[in-house]
Amino acid sequence: MAEEIAIPGWKKWLEGIGDQVEFFFKFFRNIFTGGFEWSEFVRQCYEIGYRSMMLVGITSFIMGVVLIVQLRPTLVAFGAASMLPKTLSVSFIREIGPVIIAIICAGKIASSIGAELGSMKVTEQLDAMEVSGANPLQYLVVTRILATTIMVPILSVIGDLIGLFGGFLALNLRDNMSFSLYFTKVVGSIDFSDFLPAFVKTIFFGFAIGFVGCYKGFHSNKGTESVGIAANSAVVTASLWIFVIDAIAVQVTSLLFYK
Amino acid sequence: MAEETVKTGEKNKAKTGNEVVIAIKGLKKSFGKKHVLKDINLEVKRSENVVVLGRSGTGKSVTIQCIVGLLRPDGGSLKVFGDEVAEMSDKELKQLRIKIGFLFQSGALYDSMTVRENLEFPLTRVLKLKDQGEIDKRVEDALTSVGLLEAIDKLPSDLSGGMRKRAGLARTIIVNPEIILYDEPTTGLDPITSREISDLILSIQKKYKTSSIIITHDMECARIAADRMLIMDDGVFIAEGTFEGLHKSKNKTVEAFFKDIL
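Protein sequence lines correspond, in order, to chains A and B.
Each residue of the first sequence is one higher than the one before, counting from 1 in our numbering.
Each residue of the second sequence is one higher than the one before, counting from 260 in our numbering.
This is chain A alone, in the form it adopts within the complex (with noise of 0.2 Å):
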């Protein structure tokens, strides 16, 4: 039917840059026009948050772990085996999981809402839902935004927890160090300084991730080969997104908080 004709590339990327501003204002214009689907929203919440818990968790526990069993002989080398913790909850809490996190459910996440809207434009899914009369965006878009926005943040504050706890396990592998201790040594470590720009960034993290699998996914082409396309460009992408996003918070952060 339709043929494909060649378009320069800088004409491409420059189309692709106007069909992102255009879906980013889009998507803010549903949120505050006609009903919002929360019920899709919960569901959405749920896949997204509670079905992401086991591999986050999972991570962060290993993170924590390696984290403490490779700073220890560096620490001890020193003579400050009890900064372990301190050095532990700071970097994990400040930059280490939050990355992490994020770059697992930009792997986990984006792909698999760039895959599904992907494979709802190539059955037509999209097009029925527009036809219709209903509005995809509102029901697609902005729940899954909206969804990864919030989940990413709380996801990451569990996978900080689990982290900090593996550390600890880890700490006891080698040296004898209470519960009670170490949970001490770690709360008084970190301060507002240190965990508030961090949320902050994943709130940040979690929009980017849905905007780039919602953005991907909406604009595959039709073809099956398009679904893998979608997923795995949005995989990419929003990993770019986040390395971006925490160079910028990061510079940020320095200026307001460690001048």
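The hints are simulated quantities; they were obtained by calculation from the structure and are not laboratory data.
Do not take every clue at face value.
Using 27 Å as the maximum straight-line C-alpha spacing, the simulated DSS-like pairs for lysine-lysine come out as follows [as the list claims (entries may be wrong)]:
id: 1; chain 1: B; residue 1: Lys287; chain 2: B; residue 2: Lys350
id: 2; chain 1: B; residue 1: Lys465; chain 2: B; residue 2: Lys358
id: 3; chain 1: A; residue 1: Lys222; chain 2: B; residue 2: Lys387
id: 4; chain 1: B; residue 1: Lys511; chain 2: B; residue 2: Lys387
id: 5; chain 1: A; residue 1: Lys222; chain 2: B; residue 2: Lys287
id: 6; chain 1: A; residue 1: Lys185; chain 2: A; residue 2: Lys86
id: 7; chain 1: B; residue 1: Lys292; chain 2: A; residue 2: Lys222
id: 8; chain 1: B; residue 1: Lys297; chain 2: B; residue 2: Lys287
id: 9; chain 1: B; residue 1: Lys465; chain 2: B; residue 2: Lys338
id: 10; chain 1: A; residue 1: Lys12; chain 2: B; residue 2: Lys293
id: 11; chain 1: B; residue 1: Lys293; chain 2: A; residue 2: Lys222
id: 12; chain 1: B; residue 1: Lys284; chain 2: B; residue 2: Lys396
id: 13; chain 1: A; residue 1: Lys26; chain 2: B; residue 2: Lys358
id: 14; chain 1: B; residue 1: Lys413; chain 2: B; residue 2: Lys396
id: 15; chain 1: B; residue 1: Lys358; chain 2: B; residue 2: Lys387
id: 16; chain 1: B; residue 1: Lys353; chain 2: B; residue 2: Lys389
id: 17; chain 1: A; residue 1: Lys222; chain 2: B; residue 2: Lys304
id: 18; chain 1: B; residue 1: Lys292; chain 2: B; residue 2: Lys338
id: 19; chain 1: B; residue 1: Lys389; chain 2: B; residue 2: Lys350
id: 20; chain 1: B; residue 1: Lys338; chain 2: B; residue 2: Lys353
id: 21; chain 1: A; residue 1: Lys108; chain 2: A; residue 2: Lys26
id: 22; chain 1: A; residue 1: Lys11; chain 2: B; residue 2: Lys292
id: 23; chain 1: A; residue 1: Lys26; chain 2: A; residue 2: Lys222
id: 24; chain 1: B; residue 1: Lys353; chain 2: B; residue 2: Lys466
id: 25; chain 1: B; residue 1: Lys304; chain 2: B; residue 2: Lys507
id: 26; chain 1: A; residue 1: Lys12; chain 2: B; residue 2: Lys287
id: 27; chain 1: B; residue 1: Lys387; chain 2: A; residue 2: Lys26
id: 28; chain 1: B; residue 1: Lys297; chain 2: B; residue 2: Lys338
id: 29; chain 1: A; residue 1: Lys26; chain 2: B; residue 2: Lys350
id: 30; chain 1: B; residue 1: Lys358; chain 2: B; residue 2: Lys468
id: 31; chain 1: A; residue 1: Lys11; chain 2: B; residue 2: Lys287
id: 32; chain 1: A; residue 1: Lys12; chain 2: B; residue 2: Lys292
id: 33; chain 1: B; residue 1: Lys396; chain 2: A; residue 2: Lys11
id: 34; chain 1: B; residue 1: Lys353; chain 2: A; residue 2: Lys26
For this one, chain A is given, so just place chain B on it according to the hints.
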């Protein structure tokens, strides 16, 4: 390209009435350098079933996608219920789409929802119905009309191709559209199921007094459902008439469609 227009008898003129619900004049649509629709002219009257035949890639599906506003034409006029589709705002287009049902080739059922939820979707999201009793009744009525009530709680993945088309048709008729656009409703189905779907199209026209455009390659479907038929080739309609009238045509392209018909 041959552009002979074969006009034949209009057996159903009295039955279908004269109110024009879809009026297309000089419709054009291109994708890059490929001119898919070159000069489409078509009128569909109330309660009339119009079948459009044509080889793959001649622009049949593009025509009905323009009617429902999924594609924007490059030129010409396309009026539905007297209003120019290309000039409609999003809100007006949404209102128009409530009056137009569209049955996709695959059925396009939402695969994360059961058949019941698929049918409830347009009622709750588009018609904004709140009364669960009324919703249940309309869902059951629509499924009964297509003979699929037993599959009400099944997922689309548990349905056969024919059942999916029936469920898609039930979802289309549940909002009582005045026009139904069928995109290859019998493609990929066995002859028996194809015939059942064709009979269903005819019974829906009679029961709900809908006007329809049926895009198909299936001559049996055309024979059963068509009040009037058009043959499309290379972006234009080359012939128009009843099934019997076109069967006698000497146009080479038209003859090719009727080659195996006795």
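Status of each hint after checking the structure:
1. Straight-line distance between C-alpha atoms of lysine 287 of chain B and lysine 350 of chain B comes to about 24 Å, which keeps the hinted pair within the 27 Å bound.
2. With a C-alpha separation of about 17 Å, the suggested pair lysine 465 of chain B and lysine 358 of chain B falls inside the 27 Å cut-off, and the hint holds.
3. Of the supplied pair hints, the one linking lysine 222 of chain A and lysine 387 of chain B is violated, its CA atoms being roughly 31 Å apart against a limit of 27 Å.
4. Of the pairs offered as hints, the one joining lysine 511 of chain B and lysine 387 of chain B is violated, with about 51 Å between alpha carbons and a cut-off of 27 Å exceeded.
5. Taking the CA atoms of lysine 222 of chain A and lysine 287 of chain B, the gap is near 23 Å; set against the 27 Å cutoff, the hint holds.
6. Distance check on the hinted pair: lysine 185 of chain A and lysine 86 of chain A sit about 6 Å apart at the alpha-carbon level, within 27 Å; holds.
7. Proposed proximity of lysine 292 of chain B and lysine 222 of chain A is supported: the alpha carbons are some 20 Å apart, at most 27 Å.
8. For the hint linking lysine 297 of chain B to lysine 287 of chain B, the alpha-carbon distance of about 5 Å falls within 27 Å, and the restraint holds.
9. A hinted pair counts as satisfied when its Cα atoms are at most 27 Å apart, and lysine 465 of chain B with lysine 338 of chain B qualifies at roughly 24 Å.
10. This hinted pair checks out: lysine 12 of chain A and lysine 293 of chain B have alpha carbons roughly 19 Å apart, not beyond 27 Å.
11. At most 27 Å may separate the alpha-carbon atoms for a hinted pair to count; lysine 293 of chain B and lysine 222 of chain A meet this at roughly 18 Å.
12. Taking the CA atoms of lysine 284 of chain B and lysine 396 of chain B, the gap is near 41 Å; set against the 27 Å cutoff, the hint is violated.
13. This hinted pair checks out: lysine 26 of chain A and lysine 358 of chain B have alpha carbons roughly 25 Å apart, not beyond 27 Å.
14. For the proposed pair lysine 413 of chain B and lysine 396 of chain B, the alpha carbon gap of about 18 Å is at most 27 Å, so the pair holds.
15. As the CA atoms of lysine 358 of chain B and lysine 387 of chain B are separated by approximately 15 Å, the hinted pair is consistent with the 27 Å bound.
16. Of the supplied pair hints, the one linking lysine 353 of chain B and lysine 389 of chain B holds, its CA atoms being roughly 20 Å apart against a limit of 27 Å.
17. Proximity of lysine 222 of chain A to lysine 304 of chain B is assessed by CA-CA distance (about 33 Å); at most 27 Å being required, the pair is judged violated.
18. Annotation: proposed proximity of lysine 292 of chain B to lysine 338 of chain B holds, straight-line Cα distance about 26 Å (limit 27 Å).
19. Using a Cα cut-off of 27 Å, the hinted pair lysine 389 of chain B and lysine 350 of chain B holds, with the two alpha carbons roughly 21 Å apart.
20. For the given pair, lysine 338 of chain B sits about 15 Å from lysine 353 of chain B by alpha-carbon distance, which is consistent with the 27 Å threshold.
21. As the CA atoms of lysine 108 of chain A and lysine 26 of chain A are separated by approximately 25 Å, the hinted pair is consistent with the 27 Å bound.
22. Between lysine 11 of chain A and lysine 292 of chain B the CA atoms are separated by roughly 17 Å; this keeps the pair inside 27 Å, and the hint holds.
23. Pair hint lysine 26 of chain A plus lysine 222 of chain A holds up; C-alpha atoms about 22 Å apart against a cutoff of 27 Å.
24. The straight-line distance between the Cα atoms of lysine 353 of chain B and lysine 466 of chain B is roughly 25 Å, inside the 27 Å bound, and the hint therefore holds.
25. The straight-line distance between the Cα atoms of lysine 304 of chain B and lysine 507 of chain B is roughly 24 Å, inside the 27 Å bound, and the hint therefore holds.
26. Pair hint lysine 12 of chain A plus lysine 287 of chain B holds up; C-alpha atoms about 25 Å apart against a cutoff of 27 Å.
27. With a C-alpha separation of about 22 Å, the suggested pairing of lysine 387 of chain B with lysine 26 of chain A holds against the 27 Å cut-off.
28. Straight-line distance between C-alpha atoms of lysine 297 of chain B and lysine 338 of chain B comes to about 17 Å, which keeps the hinted pair within the 27 Å bound.
29. Distance check on the hinted pair: lysine 26 of chain A and lysine 350 of chain B sit about 15 Å apart at the alpha-carbon level, within 27 Å; holds.
30. Proximity of lysine 358 of chain B to lysine 468 of chain B is assessed by CA-CA distance (about 13 Å); at most 27 Å being required, the pair is judged to hold.
31. With a CA separation close to 25 Å, the supplied pair lysine 11 of chain A and lysine 287 of chain B stays within the 27 Å bound.
32. Taking the CA atoms of lysine 12 of chain A and lysine 292 of chain B, the gap is near 17 Å; set against the 27 Å cutoff, the hint holds.
33. A hinted pair counts as satisfied when its Cα atoms are at most 27 Å apart, and lysine 396 of chain B with lysine 11 of chain A does not qualify at roughly 52 Å.
34. About 16 Å separates the Cα atoms of lysine 353 of chain B and lysine 26 of chain A, which keeps this hinted pair within 27 Å; it holds.
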